[in-house]
Amino acid sequence: MFKSYKDLPLGGVIEAAPDRTKKKTGDWREEKPLWDEAKCVNCLLCWVRCPEAAILVEEGQMAGFDYDYCKGCGICAHTCPTEAIKMVPEEEEVPEQARVRAKARRDGNKSK
Amino acid sequence: MATRASEQLRVLTGHQAVAEAMRQIEPDVVAAYPITPQSEIMHYFAEFVANGKVRTELITVESEHSAMSACVGASVAGARTMTATASQGLALMIEIVYIASAMRCPIVMAIANRALSGPINIHCDHSDAMLGRDAGVAQLFAEDAQEAYDFMIMAQRIAEHPSVLLPVWVNLDGFTLTHTADVVELLEDELVKEFVGEYKPRYPLLDVDHPTTQGPFALPEYYFELKRQQVDAMESVPQVLLEVQAEFARLSGREYQGFFEPYYLDDAEYVIVVMGSTAGTTKEAVDTLRARGEKVGLLKLWLFRPFPREEIAAALEGKRAVAVLDRALSLGNYGPLYLEVSSALYEAQRRPRLYNYTYGLGGRDTTAKQLEAVFMQIQEKTFGKEMHYIDLRE
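Chains as they are written, first to last, in the numbering used here: chain A, 1 to 112; chain B, 1001 to 1394.
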């Protein structure tokens, strides 16, 4: 906490880049997207339209969701032309495979 | 003066004068959207861009909200940024103007003053300028095209001064100044470039070696303090303005000393306070009445924000009566300029009788004869304190 307004950086500038690893905005979610891999045609419209960059893509293929940052807006489900994505209550169990692949994707990013 | 000899005397409209100033300043980015009566500024400036006279990135956008947003983005990235608008366009910008001020973006904006709808009208009054009264922008009002040109150049220095870093508006009366031609002395391009210098942003977002987060959320723990910083920035403007005026006088030979121009003010007993082109009309009325021996004078305000309350009070203290002429309404009370002057005089020992006139709304012409009548009316001690309206069909 700054003692005086005079000590605050001008205009509230934070002299550091935003660190998204410290704030996992996925916990704001009330509904989450669920992916039916069999119906997916890999058009990647969900990836284009996701406002949080929470659609994971591996080698040009849809690979699931980054649930740490997906806020559950549902744009992906709304935009999917083959109904391969649907929104389900947050409490509903997500197939382990999607979680594992999502995590692997993030860990892979970090190690690069 | 050596520098004056190199100046160019030109016949220009207010818009051309503003566009010439922008050409000479050559900002990195301009984002704008057309609106009457501002559009011509951008017509002229776009021509400079298309003809390679400036290297400015001119961003044409889909609305003024976007124009102002693009300006904030460019300014935060580290670019010297300008825009221009009027009336409804300014109303659409205003949400982002508050943000530009809070993010300390020194964006210079030309405002071709026009009435606000409704009813819809394209002609001059100062309603649009009043939208910025509380927004955290410094505001200058020009009497003629020369002042508009000079203020655009000075505004750049004021906005970018390290203790200010706020948007600055240069107000010029729509049509009356923007679309009429006048003799304007332009400075040499090189002199203007030297005067405004290079903009050195404090936290350029494009400096990837020193990453910053700009415009973050400020909850109750910080919001109040950040607004207090803006108060300091605004309070720095008068001193910076005086320094810039002195330097500009050495460059141009044109003396702007202070926050208002006094015209036969010192020994005047009856005074009109007004902003913009109507100050010129008032000078004519003063000349006529002075020739008849009437002790009348004018206080032509250049700096509306921050409001130079102490200097105004000192200049008006001891006068018999003062008429404050508002070209905007603050529906529900006296006019905005009257309220400022009235508040400034509260601490004065010898307060003049103070009257408020509304004039020129929606482009209604105001004549020297009407202003002579104002000078005569306020000499009557029994003259009413209610709002008076010049040339309104009662």
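Treat the hints as calculated values from the structure; they're not laboratory data. In this text the structure is predicted, and so the values were computed from the model without any measurement. Some clues are possibly wrong.
In silico contact screen, one side only, chain B against chain A (beta carbon under 7 Å); selected entries [what the hints assert, rightly or not]:
1. 1043
2. 1203
3. 1206
4. 1211
5. 1213
6. 1218
7. 1226
8. 1228
Just so it is clear, CB atoms sit at the ideal spot from N, CA and C, and this is done for glycine as well.
(message) Flag every earlier hint the structure violates by its number, smallest first.
(response) Hints 1 and 3 are the ones this structure does not satisfy, whereas the remaining hints hold.
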